[in-house]
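Engineer: So you can see what is in the structure, the chains are spelled out below.
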Amino acid sequence: MNETIVEARNLIKHYKDLNALDNVNLTLSANRIYGLLGRNGAGKTTLMSILTAQAFATSGEALVFGASAYENDAVLSRICFIRESQKYPDDFQPQHAFRSAALFYKNWDQDFADRLAEDFQLPVKRRIKKLSRGQLSAVGVIIGLASRAELTFFDEPYLGLDAVARQLFYDRLVEDYAEHPRTIILSSHLIDEVANLLEHVVVIDRGRIIMDADAEEIRGSAVTVSGSAEKVDGFLAGRRILHRETLGSLASVTVDEALGSRERAEAAELGLELAPVSLQQLVVRKTMVRPDGAGSGSIAGEFADDTLEARR
Amino acid sequence: MSRTMAVARMQLINKWTYIGWPLTILAASFLMSLAIFALIPVQEGKYGGGSQAPMWYFLVLGIQSMTLVFPFSQGLSISRKAFYLGTLGLFSLIALGMTGLYLLGGVIEGATNGWGVYGYFFKIPWVTDGPWYSTAAFFFMVMMFMFIIGFWFATIFKRWGTTGTLISTLGTGLVLIGLAALSTLFQWWGVVGTWFAQQTPLSISGWAALLCVVLAAGSYATLRKATP
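Read top to bottom, the protein sequences are chains E and F. Using the numbering used here, you'd call the opening residue of the first sequence number 961 and step up by one each time. Using the numbering used here, you'd call the opening residue of the second sequence number 2 and step up by one each time.
Here chain E stands alone, though its shape is the one from the complex (with noise of 0.2 Å):
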């Protein structure tokens, strides 16, 4: 068992008309990639402040490293969690900023940031406010990667930037990580992309943990079943159905639980189809199912233009 190098108990944070966090309970171990997963505003960059103590809890306890990182050295300067929305001081340039993380950070490597800024094509003399949303990001991904610390938070690192550079990415996370093992948090909605990347995921919807589980396990805990509706339904019957979709007499269920040998020979008999979930469609899902127990029309339209968007 792996060393638990982030623990939150309870963590709660109100803001004036929403929980942005309902009592999240988290427990990360060191040395894996975590994708923190969810839709925009449901919690994700709330939670990555709190646990680096760049924002408060309203109650609850955050502990990195076995202690609060609030205004604690030994803690802080093993974490790095540069924001989707990082400013930078005014007169600063990347090359700027990456002296500066060099200051802070023992195991940066100066070389690996001059590799990766070559990488991106990023100006590292041009003055960053200057920058393009994508070089923006660059540069947060570049302090991420190179500062190699401990615990790494990318928030939305691939905002702005175009596919080659969002492949250069991952790779390259999963080189230096493969090298340099150390806990990394990859924020995301861009999950298909991702999905391979991560060894465990981490689901949140509206400031609660709705999945909290190893990538393996996932991978095969849902399926999704079409046929003639009515051999569909009798087939499923008592299972739990994540979504149901009809086109005539055809329906095709996505059901939250994985089959064994048997029912799927079963269902090959019946002349049913099986298909695997993609983690994506997974958390999609998951997420539109509402507390109630009922996907709301509106919600889920809404969703779709997301995952829509995603995927472009």
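Because the hints were derived from the structure by calculation, they are not lab data. Be aware that a few hints might be false.
[Unchecked claim] In silico DMTMM-like cross-links for lysine to aspartate or glutamate, where the CA-CA straight-line distance does not exceed 20 Å:
1. E:LYS1246 with E:ASP1174
2. E:LYS1085 with E:ASP1074
3. E:LYS1066 with E:ASP1136
4. F:LYS159 with E:GLU1044
5. E:LYS1085 with E:ASP1071
6. F:LYS16 with E:ASP1051
7. F:LYS226 with E:GLU1031
8. F:LYS159 with E:GLU1031
9. F:LYS82 with E:GLU1031
10. E:LYS1246 with E:GLU1176
11. E:LYS1066 with E:GLU1031
12. E:LYS1085 with E:ASP1050
13. F:LYS226 with E:ASP1033
14. E:LYS1246 with E:GLU1153
15. E:LYS1191 with E:GLU1233
16. F:LYS82 with E:ASP1033
17. E:LYS1090 with E:GLU1078
18. E:LYS1191 with E:GLU1226
19. F:LYS124 with F:GLU45
20. F:LYS47 with F:GLU110
21. E:LYS1066 with E:GLU1139
22. E:LYS1066 with E:ASP1033
23. E:LYS1085 with E:ASP1051
24. E:LYS1246 with E:GLU1205
25. F:LYS16 with E:ASP1050
26. F:LYS226 with E:GLU1021
27. E:LYS1089 with E:ASP1050
28. E:LYS1089 with E:ASP1051
29. F:LYS159 with E:ASP1050
30. E:LYS1246 with E:GLU1217
Add chain F to chain E, keeping to what the hints say.
Structural biologist: Coordinates of chain F only, in the frame set by chain E:
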């Protein structure tokens, strides 16, 4: 301690912010003042207010160190305390250096009869009349004051947003107006006038220092709970 030093060093990575710009502003203001002095065909002392130009930049620096450098420092996991001490420490050094420059400028100005054109940029009636240390204290405290007031307002803004800033600005204004009204009502103006007349640059520096300490302590208390 080393992280506090690193905060100061971090802000000197781009030399323009704390060194280049103040010197450029001072030089530009100085040269312009000199040009104007030279154009006025008078053989006696001419005084200008150009030497205050860098002070306004310090106000901006104070604001920006809270609105931009603080969030950046949080991204690098720097504690609020290290950020505060490092930033204020760095600014004290800059203010000290600038004060030295002002004193030196004043000496040269005196020796060259106002740069040969009877123009006085660094020498300011009343302010620089006393001994050198009183002049130094005055310049230093004014610079510190400008920086800290900017920093203080920005902490208020970071912590309580536009509403908080408005309330504290309006509040300060109201208190000042209230004091003025009371002074008029109770005919304190004579006393107030006498009090001001009795002040020396040194004692004013002392009062400014006291105010700076109060504001700096207030900023720290607010910063402790500020988020980037």
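Engineer: Next, verify each hint and record whether it holds.
Structural biologist: Evaluation of the provided hints:
For a cut-off of 20 Å, the pair hint linking LYS1246 of chain E to ASP1174 of chain E stands: about 16 Å separates their Cα positions. With a C-alpha separation of about 12 Å, the suggested pair LYS1085 of chain E and ASP1074 of chain E falls inside the 20 Å cut-off, and the hint holds. Between LYS1066 of chain E and ASP1136 of chain E the CA atoms are separated by roughly 16 Å; this keeps the pair inside 20 Å, and the hint holds. This hinted pair checks out: LYS159 of chain F and GLU1044 of chain E have alpha carbons roughly 18 Å apart, not beyond 20 Å.
Between LYS1085 of chain E and ASP1071 of chain E the CA atoms are separated by roughly 16 Å; this keeps the pair inside 20 Å, and the hint holds. For the suggested pair LYS16 of chain F and ASP1051 of chain E, the alpha carbons sit about 9 Å apart, so the restraint of at most 20 Å is met. Taking the CA atoms of LYS226 of chain F and GLU1031 of chain E, the gap is near 11 Å; set against the 20 Å cutoff, the hint holds. The suggested pairing of LYS159 of chain F with GLU1031 of chain E holds, with an alpha-carbon distance near 18 Å, which does not exceed 20 Å.
A threshold of 20 Å between alpha carbons decides the hint, and for LYS82 of chain F with GLU1031 of chain E the separation of about 7 Å falls inside it, so the pair holds. Restraint check: the Cα-Cα separation between LYS1246 of chain E and GLU1176 of chain E comes to about 17 Å, which is no more than 20 Å; the hinted pair holds. About 18 Å separates the Cα atoms of LYS1066 of chain E and GLU1031 of chain E, which keeps this hinted pair within 20 Å; it holds. With a C-alpha separation of about 14 Å, the suggested pair LYS1085 of chain E and ASP1050 of chain E falls inside the 20 Å cut-off, and the hint holds.
Between LYS226 of chain F and ASP1033 of chain E, the direct Cα distance comes to roughly 16 Å. Compliance with the 20 Å bound is thereby established for this hinted pair. At roughly 18 Å between alpha-carbon atoms, LYS1246 of chain E and GLU1153 of chain E fall within 20 Å of each other, so this suggested pair holds. For the suggested pair LYS1191 of chain E and GLU1233 of chain E, the alpha carbons sit about 11 Å apart, so the restraint of at most 20 Å is met. For a cut-off of 20 Å, the pair hint linking LYS82 of chain F to ASP1033 of chain E stands: about 10 Å separates their Cα positions.
Pair hint LYS1090 of chain E plus GLU1078 of chain E holds up; C-alpha atoms about 18 Å apart against a cutoff of 20 Å. Of the supplied pair hints, the one linking LYS1191 of chain E and GLU1226 of chain E holds, its CA atoms being roughly 11 Å apart against a limit of 20 Å. Distance check on the hinted pair: LYS124 of chain F and GLU45 of chain F sit about 14 Å apart at the alpha-carbon level, within 20 Å; holds. As the CA atoms of LYS47 of chain F and GLU110 of chain F are separated by approximately 12 Å, the hinted pair is consistent with the 20 Å bound.
Using a Cα cut-off of 20 Å, the hinted pair LYS1066 of chain E and GLU1139 of chain E holds, with the two alpha carbons roughly 17 Å apart. Distance check on the hinted pair: LYS1066 of chain E and ASP1033 of chain E sit about 13 Å apart at the alpha-carbon level, within 20 Å; holds. With a C-alpha separation of about 11 Å, the suggested pair LYS1085 of chain E and ASP1051 of chain E falls inside the 20 Å cut-off, and the hint holds. A hinted pair counts as satisfied when its Cα atoms are at most 20 Å apart, and LYS1246 of chain E with GLU1205 of chain E qualifies at roughly 15 Å.
Restraint check: the Cα-Cα separation between LYS16 of chain F and ASP1050 of chain E comes to about 12 Å, which is no more than 20 Å; the hinted pair holds. For the proposed pair LYS226 of chain F and GLU1021 of chain E, the alpha carbon gap of about 16 Å is at most 20 Å, so the pair holds. Distance hint between LYS1089 of chain E and ASP1050 of chain E is fulfilled; the C-alpha atoms sit about 7 Å from each other, no more than 20 Å. Taken as a hint, the LYS1089 of chain E and ASP1051 of chain E pair is honoured in the structure, with Cα atoms around 8 Å apart against an allowance of 20 Å.
Of the supplied pair hints, the one linking LYS159 of chain F and ASP1050 of chain E holds, its CA atoms being roughly 17 Å apart against a limit of 20 Å. Distance hint between LYS1246 of chain E and GLU1217 of chain E is fulfilled; the C-alpha atoms sit about 12 Å from each other, no more than 20 Å.
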